[in-house]
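If you read the sequences in order, they're chains A and B.
Residue numbers are given in numbering that gives the first Met the number 0: position 192 of the first sequence equals residue 191, and the series is strictly consecutive.
Residue numbers are given in numbering that gives the first Met the number 0: position 242 of the second sequence equals residue 241, and the series is strictly consecutive.
Since the hints were made in silico from the structure, they are not lab data.
In this text the structure is predicted, and so the values were computed from the model without any measurement.
We treat Cβ as the ideally placed atom computed from N, Cα and C, and that holds for glycine.
Certain hints may be false.
To be verified - Cut-off 20 Å, straight-line C-alpha distance, at most; resulting in silico cross-link-like pairs (DMTMM-like, lysine to aspartate or glutamate):
hint, chain 1, residue 1, chain 2, residue 2
1, B, Lys444, A, Glu99
2, A, Lys55, B, Asp414
3, B, Lys408, A, Glu99
4, A, Lys74, B, Glu254
5, B, Lys223, B, Glu254
Unchecked claim - Partial chain A-side listing against chain B, Cβ under 8 Å, derived:
hint, residue
6, Gly22
7, Lys74
8, Asp76
9, Ile93
10, Ala105
11, Gly148
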Amino acid sequence: MENKLLSIKNLKVNVEENEILKGLNLEISKGEVHIIMGPNGSGKSTLAYTLMGHPKYEIVDGTIEFDGELINDLKADERAKRGIFLSFQYPEEIPGVTVEDFLRTAKASTTGKIQGIMAFKKLLKEKMELLEMKEEYASRYLNLGFSGGEKKKNEILQMSILEPKLAILDETDSGLDVDAIRIVAEGVKRIKDESKSILVITHYNKLLDFLEPDYIHILLNGKIVKTGGMELAKEIDEEGYENIKLRFAKV
Amino acid sequence: MGRKKTYIEDIDRGIYDIRNEFTYKYKADKGLTPEIIKDISREKNEPKWMTDFRLKSLEIYNSMPIPTWGPDLSDLNMDEIVTYIRPDTEMKHSWDDVPEEIKKTFQLLGLPQAERESLAGVGAQYDSEVVYHNIRKELVDQGVVYMDMETALIEYEDIVREYFMTLVPPTAHKFAALHGAVWSGGSFVYVPEGVDVDIPLQSYFRLNAPGAGQFEHTLIIVEKGSRLHFIEGCSAPKYKVNNLHAGCVELFVKENATLRYSTIENWSKNMYNLNTKRAVVDKNGTIEWISGSFGSKVSMLYPMSILRGEGARSEFTGITFASKGQHLDTGTKVVHAAPYTTSTVNSKSISKDGGYAFYRGLLKVAPNAYGCKSTVSCESLMLDNESKSDTLPIIELNNDDIDIGHEAKIGRISDEAIFYLMSRGISEEEAKAMIVRGFVEPITKELPLEYAVELNNLINIELEGTIG
């Protein structure tokens, strides 16, 4: 059991008084890649935000344990320090704060170690090259005026700098062209190769071929209704969510 | 686990609120009479025209009402304000000669270091009179004059008489009249034709007596083709009595000259800061204002640029930070009085803990001022639901041949942006500070390095506190 990283039990979450997650269970071990698929409105993003600790998502029941610690009441920054990372579907734009300054502050904060300016510059440059990002992005304001694809790449850049234990990717593949998907997927794969755990939330299966997931879960109406391997993704591809919904309507 | 509201309370303002024990040579009676005015003038050995000017201003002061169109000034008791206090020290020209006690306060404010490092001259006003003044020799050799107003009135009487309170006449408003009657201290700068002063000149002043008003006068004349950057900084300690600051700044920018006037004002939070600043700009001249308003209980500050020569230019960059119990009414006025004049206004305000930041602006274009261009942008950031922000830009156009752009944005700090930064391990407090610093970044990047650092420090001091 010491291999267990994330353990969610009977999680019920309200957003503005509406119950969105209705008793969700999920376990992720170290080094595993999990995919959560589901139609719009099934609660995918709610799960991502709840795991990261967004104050708008109210846990009304259940537990979230990370690395053996109950984290239900921890704020987002505390969760980040413990190794949780969320790649946002719609990353915020922060005017006046450069990518480099922001990331150096974040790295110092998550590691508790002061980041020397020159050493950090070097690290940032290396990671940016891997993601085929131009050097000038380091001095641009965080996400300001970035295209959809640039924002997603920037999320992956942050992930590769912060080196979390668990990376949650919320619709990271949406809105990307083929080249960007490849670059992003390679970035995620590098994390995977370092035996980090990955939770991909998506309603497509664009990233799947690159990631070779260990488990695929189907999320419907606030619960995981089915867990399986790659064959499950094919099923969804062929049948569509509507048929799956019908099949689980009685569950 | 419901969402809790977050408050950031003010903490002790540390070194900015340090106050010394004081001893006085002279202290005026409470309340204003012609006798007090004459005493002040006699004490200073002023020429008769200045005594008369003061008395005339007092008459105007007594005949004018307290303005009611802006913030509430009803708590301001003029009779309680001691108008003239002079510290127990004569003018000093070497740092070593400045009394220990005064030096200590200045040292805590970082003054001597700043001077040593890159500033050309220092004029520091302690209470009402300048106690320390120094200017680098190479500037003196070029004919640059930088001294306190009292000395200038004696040594450069003709120049002072020609310009003094012609741009801000005592009739401008009640507090300008008060200033004319009781002004004391301040800086005088004269830059002769064709001189490029390549290092910023800096003056630092603060209030240090309970109930003392401060009425310093700054007069700067930049002759044809010259260039100057003047920096004025204020920081005052905290007292229980309401304090009044009614300073006056008059800037004369001649043909092809450029003047950049930067201030970061940081008043204690019981201060009424009713300051009047104006610049008049001749043909192809440029005035650049950088104005930071921190602290004070009430501020009414609208630096004005009068573009009277063809092709004259003004640029205003302002930042205002209103916190608990503060009403800061700030903005800028631009008068396009000649053809092909251009103006840019970039104002940012931040309010938190129930603070009120009000942008009040005037853009006026004269009938003959064709071919003018003006761009105005004001942005307000509120850090919580208790704080307020308003924008009142008044535009008065008297011809059609003008190009005007105006943009105003008022917004609350985004919870989503805070969450985004927090999700990267940054604390809530630091996330807010980061967003605020980013918001004012277009302004800090315009400042000389040591001032940018000070501005960021002030922002951090304003933001710091407990979260709960």
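Each hint tested on the structure:
1. Between lysine 444(B) and glutamate 99(A), the direct Cα distance comes to roughly 17 Å. Compliance with the 20 Å bound is thereby established for this hinted pair.
2. For the hint pairing lysine 55(A) with aspartate 414(B), the CA-to-CA distance comes to about 10 Å; that is within 20 Å, so the pair holds.
3. For the given pair, lysine 408(B) sits about 27 Å from glutamate 99(A) by alpha-carbon distance, which is inconsistent with the 20 Å threshold.
4. For the hint pairing lysine 74(A) with glutamate 254(B), the CA-to-CA distance comes to about 59 Å; that exceeds 20 Å, so the pair is violated.
5. At most 20 Å may separate the alpha-carbon atoms for a hinted pair to count; lysine 223(B) and glutamate 254(B) meet this at roughly 5 Å.
6. At its closest, the beta carbon of glycine 22(A) sits 18 Å from a beta carbon of chain B; the interface hint therefore is violated under the 8 Å criterion.
7. Hint status for lysine 74(A) relative to chain B: holds, with the closest Cβ pair at about 7 Å, below 8 Å.
8. Hint on aspartate 76(A) holds. Least Cβ distance to chain B is approximately 4 Å, under the 8 Å limit.
9. Because the smallest distance between the Cβ of isoleucine 93(A) and any Cβ of chain B comes to about 6 Å, under 8 Å, the interface hint for this residue holds.
10. The interface hint given for alanine 105(A) is met, as the beta carbon of that residue sits about 4 Å from the closest beta carbon of chain B, less than 8 Å.
11. Annotation: interface hint on glycine 148(A) violated; nearest CB of chain B at approximately 18 Å, more than 8 Å.
Taken one by one, the earlier hints fail for this structure at numbers 3, 4, 6 and 11, listed in ascending order.
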